Structures are given as structure tokens and as C-alpha cells.
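Enquirer: Chains as they are written, first to last, in this note's numbering: chain W, 1 to 300; chain A, 1 to 197.
There may be inaccurate statements among the hints.
One-sided excerpt, in silico: chain W residues whose CB lies under 8 angstroms from chain A [unchecked claim]:
1) 134
2) 191
3) 221
4) 225
5) 232
6) 241
7) 245
8) 246
In silico DSS-like pairs for lysine-lysine, Cα to Cα no more than 27 angstroms straight-line [to be verified]:
9) A:64 x W:293
10) A:194 x A:64
11) A:180 x W:258
12) W:175 x W:258
Simulated restraints on C-beta separations [to be verified]:
13) A:194 x W:257: 47 to 57 angstroms
14) A:66 x W:257: 53 to 63 angstroms
15) A:145 x W:275: 28 to 38 angstroms
16) W:300 x A:65: 19 to 29 angstroms
17) A:65 x W:166: 26 to 36 angstroms
18) A:130 x W:240: 35 to 45 angstroms
19) A:181 x W:193: 52 to 62 angstroms
Hint data in this document are derived by calculation from the structure and do not stem from the laboratory. This one's a predicted model, so the numbers in the text were calculated from it and none came from an experiment. Backbone N, C-alpha and C fix where the C-beta goes; we use that ideal spot for every residue, glycine too.
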Amino acid sequence: MVRRIVRTAVLGLVLALTALVVPDSTPAPTTLTLVKVDRAEGVDVDPDVVWILAAGVDTRPREDPLHSRADALQLVGIDTRTGAATAIGIPRDSWVPIPGHGSNRVNAALYFGGPQLLGRTVGDLMGVQPDYVMLATFSGLAELISGIGGITVDNPRFFADSHLNPRGWKAGRIKINGMRAVEFARVRKSLPQGDFDRSANQQRVIRGIQRKIAANAERPGWIEAGVLSVLRHLKTRGVSPKELFRIGQAIAQVDPRKVTTCVLPGSIGNINGASVVLPSVGTARRYGDDARKDATIKRC
Amino acid sequence: MPKVLSRADRARKVAVVTVLVLALSGCSGGDEKGAPSGPEPSGHATEQVPTDARLGKVRGRLGKAKADAVVAAVSAAVDTWVDGAYGGDYPRTDFGPAFAGFTRDARKLAQRQPGVMSNAAVGADLSAVEITERRVRVDVLGVDGRAAGATARVRIGLALSGGGERTEQVTGRLLLTPVKGGWQVFGFDVSRGKEGA
Numbered sequence: 001m002v003r004r005i006v007r008t009a010v011l012g013l014v015l016a017l018t019a020l021v022v023p024d025s026t027p028a029p030t031t032l033t034l035v036k037v038d039r040a041e042g043v044d045v046d047p048d049v050v051w052i053l054a055a056g057v058d059t060r061p062r063e064d065p066l067h068s069r070a071d072a073l074q075l076v077g078i079d080t081r082t083g084a085a086t087a088i089g090i091p092r093d094s095w096v097p098i099p100g101h102g103s104n105r106v107n108a109a110l111y112f113g114g115p116q117l118l119g120r121t122v123g124d125l126m127g128v129q130p131d132y133v134m135l136a137t138f139s140g141l142a143e144l145i146s147g148i149g150g151i152t153v154d155n156p157r158f159f160a161d162s163h164l165n166p167r168g169w170k171a172g173r174i175k176i177n178g179m180r181a182v183e184f185a186r187v188r189k190s191l192p193q194g195d196f197d198r199s200a201n202q203q204r205v206i207r208g209i210q211r212k213i214a215a216n217a218e219r220p221g222w223i224e225a226g227v228l229s230v231l232r233h234l235k236t237r238g239v240s241p242k243e244l245f246r247i248g249q250a251i252a253q254v255d256p257r258k259v260t261t262c263v264l265p266g267s268i269g270n271i272n273g274a275s276v277v278l279p280s281v282g283t284a285r286r287y288g289d290d291a292r293k294d295a296t297i298k299r300c
Numbered sequence: 001m002p003k004v005l006s007r008a009d010r011a012r013k014v015a016v017v018t019v020l021v022l023a024l025s026g027c028s029g030g031d032e033k034g035a036p037s038g039p040e041p042s043g044h045a046t047e048q049v050p051t052d053a054r055l056g057k058v059r060g061r062l063g064k065a066k067a068d069a070v071v072a073a074v075s076a077a078v079d080t081w082v083d084g085a086y087g088g089d090y091p092r093t094d095f096g097p098a099f100a101g102f103t104r105d106a107r108k109l110a111q112r113q114p115g116v117m118s119n120a121a122v123g124a125d126l127s128a129v130e131i132t133e134r135r136v137r138v139d140v141l142g143v144d145g146r147a148a149g150a151t152a153r154v155r156i157g158l159a160l161s162g163g164g165e166r167t168e169q170v171t172g173r174l175l176l177t178p179v180k181g182g183w184q185v186f187g188f189d190v191s192r193g194k195e196g197a
């Protein structure tokens with residue numbers, strides 16, 4: 001007899017019932033913030049697939065991360081029925097329409113209109129509206145990674161940064177921790193494809209975090225301890241520990257072998273003298289159409 | 001069921017790890033040391049083995065009395081599932097009551113796995129099932145003195161008759177959060193196979 005296993009965590013229902021709304025007027029600063037995106041009605045999103053826009057923000061103490069410029073953008077989908085998940089990286093300098101603000105770099109949407117506008121802007125680009133926007137400051141992300149004991153990433157090439165890490169990161173499977181892991185995801189200039197490679201590195205960090213969580217999920221009390229750690233850093237109104245517990249368990253249920261990642265391609269352009277990325281809107285829509293129902297992208 | 005079969009290798013690994021964890025935690029002291037922290041074994045019908053339910057790890061702040069109450073309530077939810085999914089009279093095909101303590105979506109997903117989450121896949125061919133072991137360890141998240149979530153680590157032993165005598169083991173985790181009047185299962189990570197596999 002073959003041993004059989006089934007696993008799931010019904011995150012869709014959880015999030016649908018969760019009031020994780022953080023008013024834009026919520027006092028800052030915070031290190032981790034989870035914001036439910038207001039949506040009018042009838043959005044074509046499979047309720048079993050939950051979409052979270054993860055944004056890394058580089059804010060200094062006393063700055064408001066809810067109205068800063070997002071430095072890293074990853075649209076993450078989780079299919080709670082199958083354990084599949086996908087991450088779509090959006091280059092920070094992508095030049096896109098921002099509702100009510102003409103066109104600008106996508107990361108400016110957070111500055112103009114907070115998480116709601118950032119979510120809508122990315123949603124319009126991809127054709128998939130995120131259910132939630134999660135903002136993490138670099139220090140918050142570093143603490144989160146340290147809290148789980150560091151992560152392992154598959155680094156395809158050696159690279160270094162004269163300012164952040166002159167000795168560089170070796171090629172191959174490497175262990176990184178804390179702020180060094182954040183720096184791994186921040187370096188751009190020394191990478192051959194610049195912003196695109198940086199986005200791919202961000203996805204490697206996301207994969208590393210998820211793998212670490214999944215690998216430890218069966219350890220007694222590990223998820224509970226993790227949720228407790230996040231609670232210490234997550235400062236949002238209306239977020240109940242119960243809902244965070246469910247979210248943490250759902251992330252742990254993602255099967256690392258069913259994670260797909262793509263970075264939205266584009267060309268380098270010049271707008272008003274500034275270098276920007278002109279994203280392939282057709283590819284963005286293809287990714288969205290592909291992953292909408294099952295959080296899986298068959299081909300980047 | 002391709003999805004299930006394709007995960008067989010990982011399932012074996014998961015099963016082994018789970019058994020090891022349970023074995024180690026059972027003799028390593030820590031939060032599980034000593035006498036059961038939960039209620040007395042909750043015996044059911046005379047032919048059934050009592051549930052060995054104990055408190056596992058507590059993370060965060062939660063008083064002993066409240067932790068014990070969580071163990072009792074979570075254990076009751078697990079018993080509802082085990083009794084409905086694996087216990088009862090055979091042959092039969094109705095296993096609906098097994099998932100009364102699950103959220104609606106979790107119930108649907110569990111019912112799509114009739115060979116693991118219950119005996120539904122083989123119930124019509126069985127003549128009897130004896131539950132030989134019911135082991136539950138409850139890890140609890142406590143926040144400000146209140147329980148916010150729990151993981152029930154379970155190990156269920158089954159002796160099946162009909163279509164050949166065999167023993168099987170169901171191991172894994174049920175994920176629960178408190179609701180009005182008790183605890184509800186919103187997710188699960190469960191494997192099933194030959195005992196000791």
C-alpha cells in the first residue's frame with residue numbers, strides 16, 4: 001500500500017472572513033503591515049486562490065512605510081486546495097498607469113495613494129487584483145528571517161556590492177540570514193540584468209523563507225512560535241492572532257515543489273530623461289490569466 | 001488519484017518524520033513531561049480505546065487551566081472526526097458526520113480524499129474496524145492569556161477487517177482555531193498507510 005497524504009489549509013475562507021483592514025491613517029512606523037485591499041464587487045478571482053502583493057519598503061525611522069516608495073514588488077498567489085504558489089516579480093522602475101495620477105514608476109503608487117493604490121495599480125497591470133498588500137521594511141524583513149533561523153537560497157552566480165557586501169555572495173546553495181539576506185535581495189547594479197535579476201533574487205528569498213517554514217511546520221510548536229514572533233512586529237489594527245495563525249499555517253502548507261516564479265519582462269526606456277522599465281503588458285496579462293485559477297505559471 | 005500518488009515519496013518521509021517527532025516528544029520531557037496536562041482519557045464505547053490527549057507545546061502566554069481546557073476541546077473535535085471517519089458500524093458508505101467540526105471548505109477538501117481522511121473509499125467492503133490507538137498532542141498559541149490557535153498532532157491506529165485483515169496508521173496534524181462553542185478544523189496535513197510504514 002502506498003502511504004497517502006493530504007494537506008490543506010483553507011486560507012481563502014479565512015481571508016474572506018478576516019478584517020485585516022488597516023486604514024491609511026494608521027499611525028506609522030511599522031515594520032510589517034498587512035492591508036486588505038478594498039474591492040468594489042465581483043472581482044474575477046477564484047476564492048481558493050489568494051493573492052498577496054508583497055512590497056519591501058526602504059523607510060527610515062519615523063517615516064511612514066504606508067506612504068513611501070516600494071523598493072521590491074512581488075505578487076504572490078497561493079492555491080489553498082493544492083498547495084501550489086506563484087510569485088510574479090514586478091521591476092520597481094516599471095512605467096505604468098497609476099489610477100488618478102497619470103503614468104509613473106509603479107513604486108510611486110504607494111507614495112501617491114498608499115497600499116490600496118499600489119494594489120490596484122499592480123492589479124491593473126497583471127489583470128489579477130491582490131486581496132492583500134503586505135508591506136515589510138528592510139529591518140522588519142531582516143528580523144523575520146533571523147527569527148526563523150536564516151534561510152537557504154540557490155544563487156545562480158557570484159555577485160558582490162561594493163557598498164552592501166564587498167566580499168559578495170558565492171554561487172550555489174548558500175545560507176543567508178538577517179540583513180544579509182535582505183541585502184541579497186537589494187543589490188541591482190552588479191547584476192547583469194539589473195532590476196530583473198534583482199527581482200529574481202527577491203523570489204529566491206521568498207522561496208527560502210517558505211521552504212524554511214514548510215520544513216519546520218511539523219516541529220511541535222514551531223508555527224505557533226513563528227506567529228508569536230510575527231505578532232511582535234506586525235502592527236495593524238483589526239488583525240486578530242487567530243487569523244494570523246491561520247495564515248501562517250496556510251503558508252506552511254505550500255508545497256515547495258509547486259512554487260513557480262517569473263519576473264515580468266520589459267525593455268529599458270527613457271521618460272523625461274529618466275531611465276525606466278517599459279513592462280511587457282501582454283506578458284503581464286498572460287501571467288495573470290495563467291495563474292488566476294491555480295497559482296501556477298506554466299511558462300515564463 | 002494522481003496528485004496523491006505523486007506525493008508518495010514525500011508522504012513516506014513526512015510519515016517517518018512525524019513518527020519520530022512524536023516518539024521523541026513522548027519521552028523527551030519539555031512541555032509534555034509527566035502526567036497528562038489535559039483531561040482524563042475520554043473513553044467512549046467500551047470497545048474503543050480511550051483517547052490519550054495531552055498538552056504539547058504552548059507558545060505565548062496561557063494559563064494552565066485554559067491550556068487544559070483547550071486540550072479537552074480540541075481533543076473532542078478530533079474525536080468527532082476519528083469516530084465519524086474511521087469508527088462506527090461496517091459496511092457503510094455514509095461518512096458525512098465525520099467532518100461536522102470542519103469549516104465548510106475544509107470539509108469539502110476532506111471529502112475529496114476519501115481514502116485518507118476517512119474510510120469512505122473502502123467502507124462498503126469492510127466488515128469491521130477497530131480503532132487501536134488514539135494519540136493527540138495539542139500545541140497551542142496563547143496571546144494575552146487567550147488561545148488563538150492550536151495544532152493537534154494525531155496518531156490513529158486502525159485494524160480493518162473485510163477484504164483482508166490489515167492494520168493501518170493515520171498520522172498528521174489538524175489545524176484548528178476557536179469558534180463559538182468549541183474549536184473548528186480549518187486545515188489538515190494527514191497521511192495514511194500501513195502501520196509502521
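Enquirer: All hints, please: hold or fail.
Expert: Checked hints:
no., hint, result
1, 134, "violated, 19 angstroms"
2, 191, "violated, 33 angstroms"
3, 221, "holds, 3 angstroms"
4, 225, "holds, 5 angstroms"
5, 232, "violated, 10 angstroms"
6, 241, "holds, 4 angstroms"
7, 245, "holds, 3 angstroms"
8, 246, "holds, 6 angstroms"
9, A:64 x W:293, "violated, 44 angstroms"
10, A:194 x A:64, "violated, 37 angstroms"
11, A:180 x W:258, "violated, 35 angstroms"
12, W:175 x W:258, "holds, 22 angstroms"
13, A:194 x W:257: 47 to 57 angstroms, "violated, 25 angstroms"
14, A:66 x W:257: 53 to 63 angstroms, "violated, 39 angstroms"
15, A:145 x W:275: 28 to 38 angstroms, "violated, 54 angstroms"
16, W:300 x A:65: 19 to 29 angstroms, "violated, 54 angstroms"
17, A:65 x W:166: 26 to 36 angstroms, "violated, 56 angstroms"
18, A:130 x W:240: 35 to 45 angstroms, "holds, 41 angstroms"
19, A:181 x W:193: 52 to 62 angstroms, "holds, 56 angstroms"
Checked against the numbered hints given earlier, the structure breaks hints 1, 2, 5, 9, 10, 11, 13, 14, 15, 16, 17 and satisfies all the rest.
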